[in-house]
Amino acid sequence: MNSIHDMGGMEGFGPINPEENEAVFHYEWEKPIFGFFFCLFAGGQINVDVFRHAIERLGNLHYLEGSYYEHWLGAFQTLLVEGGTVTIEEIDAKMTELKGDAN
Amino acid sequence: MAVLTPEIVPGLVAGGASARVVDADLPAKFNVGDTVQMKNTNPSTHTRLARYVRGKTGVVNMHHGVFHFNDVIAHHGQGHQNCYSVKFTMLELWGEGYSATDYVYIDMFDDYMDKVS
Amino acid sequence: MPHDHHYDPLPDTELRVRALESILVEKDLVDPAAIDLLVDTYETKIGPRNGAKVIAKAWTDPDYKTRLFENASAAIAELGFSGVQGEDMVVVENTDTKHNVVVCTLCSCYPWPTLGLPPVWYKAAPYRSRVVKDPRGVLAEFGTTLPDSTEIHVWDSNAELRYLVLPQRPAGTDGMSAEELEELVTRDSMIGVKVIAAPA
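First to last, the sequence lines map onto chains A, B and C.
Heads up: the first sequence is residues 1 to 103, going by the working numbering.
Heads up: the second sequence is residues 1001 to 1117, going by the working numbering.
Heads up: the third sequence is residues 2001 to 2200, going by the working numbering.
Don't read these hints as lab results, they were simulated from the structure.
Take the hints with a grain of salt, since some may be wrong.
Claimed, not checked - Mimicking DSS-like on lysine-lysine, the simulated pairs with C-alpha atoms at most 30 Å apart in a straight line are: (1) Lys1087(B) <-> Lys2027(C); (2) Lys94(A) <-> Lys2027(C); (3) Lys1087(B) <-> Lys1115(B); (4) Lys2194(C) <-> Lys2053(C); (5) Lys2098(C) <-> Lys1039(B); (6) Lys1056(B) <-> Lys1029(B); (7) Lys2098(C) <-> Lys2065(C); (8) Lys1056(B) <-> Lys1039(B); (9) Lys1039(B) <-> Lys2123(C); (10) Lys2123(C) <-> Lys1056(B); (11) Lys2133(C) <-> Lys1039(B); (12) Lys2123(C) <-> Lys1087(B); (13) Lys1039(B) <-> Lys1115(B); (14) Lys1056(B) <-> Lys2133(C); (15) Lys2045(C) <-> Lys2065(C); (16) Lys1087(B) <-> Lys2045(C); (17) Lys2098(C) <-> Lys2194(C); (18) Lys2098(C) <-> Lys1056(B); (19) Lys2057(C) <-> Lys2098(C); (20) Lys2098(C) <-> Lys1115(B); (21) Lys1056(B) <-> Lys1115(B); (22) Lys2027(C) <-> Lys99(A); (23) Lys2194(C) <-> Lys2057(C); (24) Lys1029(B) <-> Lys1039(B); (25) Lys1087(B) <-> Lys2194(C); (26) Lys2065(C) <-> Lys1115(B); (27) Lys1087(B) <-> Lys2065(C); (28) Lys2133(C) <-> Lys2194(C); (29) Lys2027(C) <-> Lys2098(C); (30) Lys2057(C) <-> Lys1087(B); (31) Lys2133(C) <-> Lys2123(C); (32) Lys2133(C) <-> Lys1029(B); (33) Lys2133(C) <-> Lys2045(C).
Source: prediction; values computed, not measured.
Could you build all of it, start to finish, from the sequences and the hints given here?
Okay, here's the thing in structure tokens:
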């Protein structure tokens, strides 16, 4: 599909700004996201191509706003909901519950 | 119990999941050295035919073999095709003022290309 | 916690990840111990030191170099490096007249068994969009300047082949052992955005 991910030759994204000696994971929440890829692949909930396509379907604004592992998060949520494994309501409810626990 | 337990992790990591189809009886449509033009195809479904090479003409540089075809696997289908490295000059891709001796290589499947010569 | 000002998470990301993990664990789709092992593996065991061993061996063992170009996956596996996102490898060699650089314009494909997980810049829009159109400008951002007479060859890893650059062995390294040479090989030289400087 002709969405924003297909960006070879596009201009306007600014400087590359490589970070020296960067950590493999920049935030703790990136770690489980990384792990989910293997878990859900082994469990048959996703394959690599379905996963990539789900990232391409995030919506161009969300794609540009979100960081790399946020793309993965969006894709997992899309695929797990489309696959009937999880519902949006379950996710929302759990987020509310966890937020409540923190207060 | 989840499918992926710690005991299985090392084997999965070291073994991976190659997309290559070994012993596929699928003759190559193109030969190394062929001049090929990428199709101008714009599916709304998943494709690995990047927009910047569509309609452009290059040369088959390598034949990688037969691989599962990403475009259909992404839609829960099955299929495999020959995959080739295709070489383009910057001049061909981007036009006047670009180099004829700097190159881009990209991996293209049988269905992505037409033979020119 | 490391913080990069142009890489702040969206407001509900952390909470959403925790929620998803909690649900997936409850449903027996995720084993947290497996996640811990995967994270540890890619933080500490799999990284560019693996690729450096491949490069140093190719520089010092001509028969190995031949095997590397006949079947890169098999030759790399001889050193114990194989698997996820490196199942089908191609090695591309830098010479005096030809310089290679690797990208994935469509996403972030990268040879994990030899280089580990890709850096943020490799996966981000500026690099992915620009290197296939202005490779010399991109290399300049990394402090790399090549003569006009050197051809630049950019490899877009859009299918399942994964590309590794064999950098040129720098001058002034005659007589160095493979172990000593390994120390000189950088991740960025195996992606192709840098060359390896002669040792001081």
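We went through each hint and held it up to the structure:
1. For a cut-off of 30 Å, the pair hint linking Lys1087(B) to Lys2027(C) is broken: about 48 Å separates their Cα positions.
2. Restraint check: the Cα-Cα separation between Lys94(A) and Lys2027(C) comes to about 13 Å, which is no more than 30 Å; the hinted pair holds.
3. In summary, the hint linking Lys1087(B) to Lys1115(B) is supported, as the alpha carbons are separated by about 14 Å, within the 30 Å threshold.
4. Straight-line distance between C-alpha atoms of Lys2194(C) and Lys2053(C) comes to about 18 Å, which keeps the hinted pair within the 30 Å bound.
5. With a C-alpha separation of about 29 Å, the suggested pair Lys2098(C) and Lys1039(B) falls inside the 30 Å cut-off, and the hint holds.
6. This hinted pair checks out: Lys1056(B) and Lys1029(B) have alpha carbons roughly 18 Å apart, not beyond 30 Å.
7. In summary, the hint linking Lys2098(C) to Lys2065(C) is supported, as the alpha carbons are separated by about 18 Å, within the 30 Å threshold.
8. Proposed proximity of Lys1056(B) and Lys1039(B) is supported: the alpha carbons are some 8 Å apart, at most 30 Å.
9. Taken as a hint, the Lys1039(B) and Lys2123(C) pair is honoured in the structure, with Cα atoms around 27 Å apart against an allowance of 30 Å.
10. Among the hinted pairs, Lys2123(C) with Lys1056(B) is consistent with the structure: their alpha-carbon atoms are about 25 Å apart, no more than 30 Å.
11. Among the hinted pairs, Lys2133(C) with Lys1039(B) is consistent with the structure: their alpha-carbon atoms are about 20 Å apart, no more than 30 Å.
12. A C-alpha spacing of about 23 Å is found between Lys2123(C) and Lys1087(B), which places the hinted pair at or below 30 Å, so the restraint holds.
13. Distance check on the hinted pair: Lys1039(B) and Lys1115(B) sit about 10 Å apart at the alpha-carbon level, within 30 Å; holds.
14. Taken as a hint, the Lys1056(B) and Lys2133(C) pair is honoured in the structure, with Cα atoms around 14 Å apart against an allowance of 30 Å.
15. A hinted pair counts as satisfied when its Cα atoms are at most 30 Å apart, and Lys2045(C) with Lys2065(C) qualifies at roughly 24 Å.
16. Only pairs whose Cα atoms come within 30 Å are accepted, and Lys1087(B) paired with Lys2045(C) is rejected, the gap being roughly 35 Å.
17. Straight-line distance between C-alpha atoms of Lys2098(C) and Lys2194(C) comes to about 13 Å, which keeps the hinted pair within the 30 Å bound.
18. At most 30 Å may separate the alpha-carbon atoms for a hinted pair to count; Lys2098(C) and Lys1056(B) meet this at roughly 23 Å.
19. The suggested pairing of Lys2057(C) with Lys2098(C) holds, with an alpha-carbon distance near 21 Å, which does not exceed 30 Å.
20. Note on Lys2098(C) and Lys1115(B): the hinted pairing holds, with a Cα-Cα distance of about 27 Å set against a maximum of 30 Å.
21. With a CA separation close to 12 Å, the supplied pair Lys1056(B) and Lys1115(B) stays within the 30 Å bound.
22. Taking the CA atoms of Lys2027(C) and Lys99(A), the gap is about 21 Å. The hint holds against a cut of 30 Å.
23. Taking the CA atoms of Lys2194(C) and Lys2057(C), the gap is about 20 Å. The hint holds against a cut of 30 Å.
24. Restraint check for Lys1029(B) and Lys1039(B): the C-alpha separation of about 15 Å stays at or below 30 Å, so the hint holds.
25. For the suggested pair Lys1087(B) and Lys2194(C), the alpha carbons sit about 22 Å apart, so the restraint of at most 30 Å is met.
26. Between Lys2065(C) and Lys1115(B) the alpha-carbon distance is near 34 Å, which puts this suggested pair outside the 30 Å criterion.
27. Of the supplied pair hints, the one linking Lys1087(B) and Lys2065(C) holds, its CA atoms being roughly 24 Å apart against a limit of 30 Å.
28. Only pairs whose Cα atoms come within 30 Å are accepted, and Lys2133(C) paired with Lys2194(C) is accepted, the gap being roughly 18 Å.
29. For the given pair, Lys2027(C) sits about 53 Å from Lys2098(C) by alpha-carbon distance, which is inconsistent with the 30 Å threshold.
30. Straight-line distance between C-alpha atoms of Lys2057(C) and Lys1087(B) comes to about 29 Å, which keeps the hinted pair within the 30 Å bound.
31. About 17 Å separates the Cα atoms of Lys2133(C) and Lys2123(C), which keeps this hinted pair within 30 Å; it holds.
32. Proximity of Lys2133(C) to Lys1029(B) is assessed by CA-CA distance (about 29 Å); at most 30 Å being required, the pair is judged to hold.
33. For the suggested pair Lys2133(C) and Lys2045(C), the alpha carbons sit about 35 Å apart, so the restraint of at most 30 Å is broken.
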